[in-house]
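J.: Please construct the entire structure, taking both the sequences and the accompanying hints into account.
Residue numbers for the sequence shown follow numbering that gives the first Met the number 0, so the first one is 0 and each next one is one higher.
Fair warning: there could be bad hints in the mix.
Only pairs whose alpha carbons sit at most 27 Å apart, straight line, appear in this in silico DSS-like list of lysine-lysine [what the hints assert, rightly or not]: (1) K176 with K138; (2) K198 with K176; (3) K98 with K43; (4) K43 with K117; (5) K98 with K117.
Worth flagging that the hints you see were computed from the coordinates, not collected in a lab. Please read all numbers here as calculations on a predicted model, not as lab measurements.
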Amino acid sequence: MDFALTEEQTAIFDMACAFGEEHIAPFAAQWEEDGTIPRDLWPKLAELGFGGLYVSEENGGSGLSRLDATMVFEALSRSCASVAAFLSIHNMCAAMVEKYGSDDLKVRLLPDMVTMEKVCSYCLTEPGSGSDAAALRTKAERTNEGYRLNGAKAFISGGGYSDLYLSMVRTGADGPKGISAIVIEDGTAGLGFGAPERKMGWKSQPTAQVQFDDCDVPAGNLLGEEGRGFSYAMAGLDGGRLNISACSLGAAQAALEATLTYMRERSAFGQTIDRFQALQFRLADMEIELQAARTFLRQAAWKLDNGAPDATKFCAMAKKFVTEAGSRVADQCLQLHGGYGYLADYGIEKIVRDLRVHQILEGTNEIMRVIVARGLLAETA
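T.: In structure tokens, the structure reads:
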């Protein structure tokens with residue numbers, strides 16, 4: 000078993016790190032204050048191939064593996080987890096359009112998605128259905144031209160900001176088999192947005208309700224087949240869980256490295272605080288936890304890439320383990336900074352706030368435990 004990264008994977012990681020250090024990190028605090036990410040950032044990322052990470056080269060993408068992609072998100076999150084997470088959402092949508100979309104839909108949407116001239120939001124959660132996603136109520140009724148949508152989606156990253164909204168809607172009876180996936184383009188009559196949400200973290204990402212009020216969408220914007228939307232959504236979330244885990248890992252690693260630098264400079268009781276054995280033990284524990292999280296994440300990504308039958312279970316396990324480890328490490332880094340860790344100038348409190356939501360989205364960590372337990376019981380039945 001070879002745990003070493005390939006030369007290509009190392010190059011991908013280094014390239015993403017360098018981009019983040021130059022184009023994201025110096026501005027992340029200002030973007031958080033502004034509550035938005037400049038649109039011209041996305042085409043710059045796309046020039047590196049990051050607009051269509053898993054989209055095939057035939058369709059203009061990079062054709063990378065899920066393991067390769069975790070390198071990108073870990074590296075970018077060292078500069079800002081909020082920006083990296085938004086890129087992850089867009090890539091999940093682009094992969095779904097390529098995998099399930101008709102030839103016409105791919106021709107119409109993928110070129111601009113890959114270049115990130117158009118960015119896409121993923122719309123599953125509703126005000127009344129979060130973990131119980133199959134209970135969604137947004138209705139899509141058939142018309143002569145396509146579908147008429149009525150309902151609302153909640154907590155949507157890019158609500159009112161994105162160009163495309165890949166939405167799960169109900170075209171049939173109650174339950175998962177009545178759900179379909181449809182792409183709604185910005186500017187469509189009947190598409191509206193709620194007020195920007197005020198959030199604990201991910202403040203640079205515009206987040207709002209996405210609302211449909213007699214919103215007419217052409218039949219050609221249906222993704223795949225009617226009644227298959229829920230299965231498409233769940234399949235997309237396996238990769239999304241890996242990506243959000245990588246975002247936790249990268250940001251927590253950056254926090255640890257900043258803490259090491261701080262401790263070498265900060266003096267107390269006649270010596271720098273990195274000389275106190277009690278604090279060295281805490282550093283060791285964080286390093287161990289991050290290394291274990293990284294290995295677990297990459298194993299899960301390898302399983303998803305290779306179509307392992309237990310890939311979904313491993314993606315769920317990795318998401319639960321890595322996101323919680325990342326938050327624990329970030330919190331400890333804040334503590335080791337003392338009062339300075341609570342100040343925005345040091346960047347640690349932003350990491351703590353940004354990472355907290357990773358235990359909630361892409362399926363809560365409670366739902367991750369449900370997935371793991373079901374898989375375990377099925378294996379031993």
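J.: Each hint: holds or not?
T.: Going through the hints against the structure:
{"no.": "1", "hint": "K176 with K138", "in the structure": "holds, 14 Å"}
{"no.": "2", "hint": "K198 with K176", "in the structure": "violated, 33 Å"}
{"no.": "3", "hint": "K98 with K43", "in the structure": "holds, 25 Å"}
{"no.": "4", "hint": "K43 with K117", "in the structure": "holds, 13 Å"}
{"no.": "5", "hint": "K98 with K117", "in the structure": "holds, 18 Å"}
The structure fails hint 2 only (numbered hints given earlier).
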